[in-house]
Amino acid sequence: MTIENVLLVSAALFAIGAYGVVSRRSLVTVIMSLELMFNGVVIAAVAFSRFTPSAALLSGDPLTAEAIRSALTGHAFAIFVTAVAAGEAALAFALVFAMYRVKESVEITDASEMKN
Amino acid sequence: MEVSTLTTIAFWAVSAMILGFATIVVTQRDVFRAAIALAGSFLGVGILYFVLSAEFVGVVQILVYVGAISVLMAFAVMFIQDIASGSRPSQGRLVGAAVAVLVFGVFAFTAYNTNWSSMDAITDPVIVAALTEGFVEVGTGNAIEIFTDLPVDENAVAVKNGGVFVDSSGSIGVLVVREYMLAFELIGLLLVAALIGGLLLMRNPSTTDELVKGDFSV
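Protein chains in written order, with this note's numbering: chain A, 1 to 116; chain B, 1001 to 1218.
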């Protein structure tokens, strides 16, 4: 397991998600594919955190607790992205329900205008 | 077997699980099955974080994605009757495949053709020990004491403060409320905004109209 392998999986998940976003017609599956893309990005962040050292550790300056903690920046980033993704999913489904109520359809081709 | 061999096997097994379920999500016509496969893919990603020694992120992934977002997806699928007929593919299928192959190609090329700096570049034994065994922060400043030789005593301070990649939760907590305080606060604001926005979009228009007129009996 090297960083290249993990990034390969991350890229594959992102690409599968991108395919889903473009090729599906139902908004619900499009949102599912978007979540897959989010996961691909977060995997890359965690992989960088795990395999590459932060600049503060390589600089040769006296070791500080801050410098050691900077090795976990990718983890903090992953948690923030997860929080944003959760908010995004909730709002996206609220929009889908609003559209379903007005148009009785969740097909992406019917979504060109939200005005009834 | 060596630990690294086992880790590699676990990594490829989990990767196969993630990508297999993800493929089902984007190809399955039955949307409910796609939602179940999505939960499986999320679970696989959670396990992958454990393999990458990111336990805290793994737990967050399982709580938020497998626990909350999957339930939201299942709820949406059951709420919208229209979807029972299945999710049809759009005309953009070939375009989608082309985009996916292109994106994957570029990312994979970059991943394999970049000279990533490696953790092996760290030769200072003190830093290695701090990253893998443990460190103790002394006082409020930046001074730390490194324990390379962990004491056998269970109650020793060094045992309670595992290294960053051994027991990362505490360090992530400090990192989030110190270095990333602003982002942390903004996330709270964002979630409140999302909550209010969701409620506003989901409201029943007729009930809200009566509320606006001042009739609070509904």
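Keep in mind that the hints are not guaranteed to be accurate.
Okay, the calculated bits of chain A under chain B, using three or more residues with CB under 8 Å as the criterion [unchecked claim]:
1. 1–10
2. 19–27
3. 35–42
4. 48–58
5. 79–90
6. 94–100
Distance ranges between label pairs, derived from CB positions [as the list claims (entries may be wrong)]:
7. B/R1033 <-> A/E66: 45 to 53 Å
8. B/L1200 <-> A/V81: 39 to 47 Å
9. B/T1007 <-> A/T64: 28 to 36 Å
Read the hints as simulated data drawn from the structure, not as lab findings. Note that beta-carbon positions come from the ideal geometry of N, C-alpha and C, so glycine has one too.
Now the hints, each set against the structure:
With a cut-off of 8 Å between beta carbons, the segment 1–10 of chain A has 9 residues touching chain B; three or more are needed, and the interface restraint holds. Beta-carbon proximity to chain B at under 8 Å applies to 8 residues in the segment 19–27 of chain A; the threshold of 3 is reached and the given coverage holds. Counting residues of the segment 35–42 of chain A whose C-beta sits closer than 8 Å to any C-beta of chain B gives 4, which meets the bar of three, so the coverage hint holds. Restraint check on the segment 48–58 of chain A versus chain B: 7 residues with Cβ-Cβ distances below 8 Å, three needed, restraint holds.
Given a C-beta distance limit of less than 8 Å, the hint that chain B covers the segment 79–90 of chain A holds, as 11 residues qualify and 3 suffice. Note: the segment 94–100 of chain A has 6 residues with beta-carbon separation from chain B under 8 Å; the three-residue rule is met and the coverage holds. Between B/R1033 and A/E66 the C-beta distance comes to about 48 Å, which sits within the given range of 45 to 53 Å. Restraint check, B/L1200 to A/V81: a C-beta distance of roughly 25 Å breaks the suggested window 39 to 47 Å.
About 30 Å separates the C-beta atoms of B/T1007 and A/T64, a value consistent with the hinted range of 28 to 36 Å.
Of the numbered hints listed earlier, the single one contradicted by the structure is hint 8.
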